[in-house]
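Listed below, chain by chain, are the residues.
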Amino acid sequence: DTEVTQTPKHLVMGMTNKKSLKCEQHMGHRAMYWYKQKAKKPPELMFVYSYEKLSINESVPSRFSPECPNSSLLNLHLHALQPEDSALYLCASSRDLTLLFFGSGTQLSVL
Amino acid sequence: AQSVTQLDSHVSVSEGTPVLLRCNYSSSYSPSLFWYVQHPNKGLQLLLKYTSAATLVKGINGFEAEFKKSETSFHLTKPSAHMSDAAEYFCVVSGGFGGYQKVTFGTGTKLQVIP
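Going down the list, the protein sequences come from chains A and B.
Residues in the first sequence are numbered from 1 upward in steps of one, following the numbering used here.
Residues in the second sequence are numbered from 1 upward in steps of one, following the numbering used here.
Derived from the structure by calculation, the hints contain no laboratory data.
Just so it is clear, CB atoms sit at the ideal spot from N, CA and C, and this is done for glycine as well.
Hints should not be assumed to be uniformly reliable.
What the hints assert, rightly or not - Dumping the calculated DSS-like pairs for lysine-lysine here, alpha-carbon to alpha-carbon at most 27 Å:
(1) LYS58(B) / LYS110(B)
(2) LYS22(A) / LYS58(B)
(3) LYS40(A) / LYS102(B)
(4) LYS36(A) / LYS110(B)
(5) LYS102(B) / LYS36(A)
(6) LYS36(A) / LYS22(A)
(7) LYS102(B) / LYS22(A)
(8) LYS22(A) / LYS41(A)
(9) LYS38(A) / LYS49(B)
(10) LYS42(B) / LYS38(A)
Claimed, not checked - Simulated DEER-style distance windows between Cβ atoms:
(11) SER14(B) / THR16(A): 46 to 56 Å
(12) GLY62(B) / PRO8(A): 49 to 59 Å
(13) HIS77(A) / GLY16(B): 41 to 51 Å
(14) TYR29(B) / MET15(A): 35 to 45 Å
Based on the sequences and whatever the hints tell you, model everything.
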């Protein structure tokens with residue numbers, strides 16, 4: 001199994017909603033990542049978990065809250081988002097912090 | 001310090017002709033280099049990677065890249081473009097030491113394939 005699975009694939013939410021993005025990998029990778037990608041731009045790093053502990057937070061607003069329940073799962077909890085938060089959210093995992101394996105992403109629209 | 005420069009934001013080729021996507025990098029470390037492809041509204045798929053072994057790296061779908069340290073380049077090539085190659089391509093450098101690795105993305109090159 002060399003996949004990173006993200007759900008849902010698409011999400012539409014209002015600015016007062018609470019929703020969660022989910023990511024799962026069964027490759028035994030030690031690190032998991034959340035990236036945000038706007039149209040026609042490269043992915044931007046949001047968070048890195050290493051051995052289930054948050055190791056990097058790239059000054060992300062608190063309306064985004066990551067969680068790593070175990071070594072295979074990574075969640076991103078969303079609350080009170082703004083329309084400018086609409087983007088493709090990508091999860092990735094890595095065995096050695098070097099080579100990243102990406103999921104197919106969640107396309108998020110905030111109305 | 002580490003950076004990646006993709007020299008062309010947009011490349012257009014005819015189907016069946018060669019593809020060249022250019023990437024230059026700088027790194028204070030001995031870097032690992034990657035090319036990823038992204039089709040519209042999809043995640044990033046790894047095409048190939050260089051991690052200090054052979055300098056000519058072969059990837060999936062007929063792509064290859066050559067690591068040239070003297071030129072700090074890692075250009076992506078394919079002998080004959082196919083319509084399905086139309087996508088966004090990202091050059092990525094990873095470097096660091098100990099338990100820290102920084103991953104830096106280039107700004108991307110959009111490849112258009114003309115029938």
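Going through the earlier hints one by one, which of them does the structure break, listed in rising order?
Violated hints: 2 and 12; rest satisfied.
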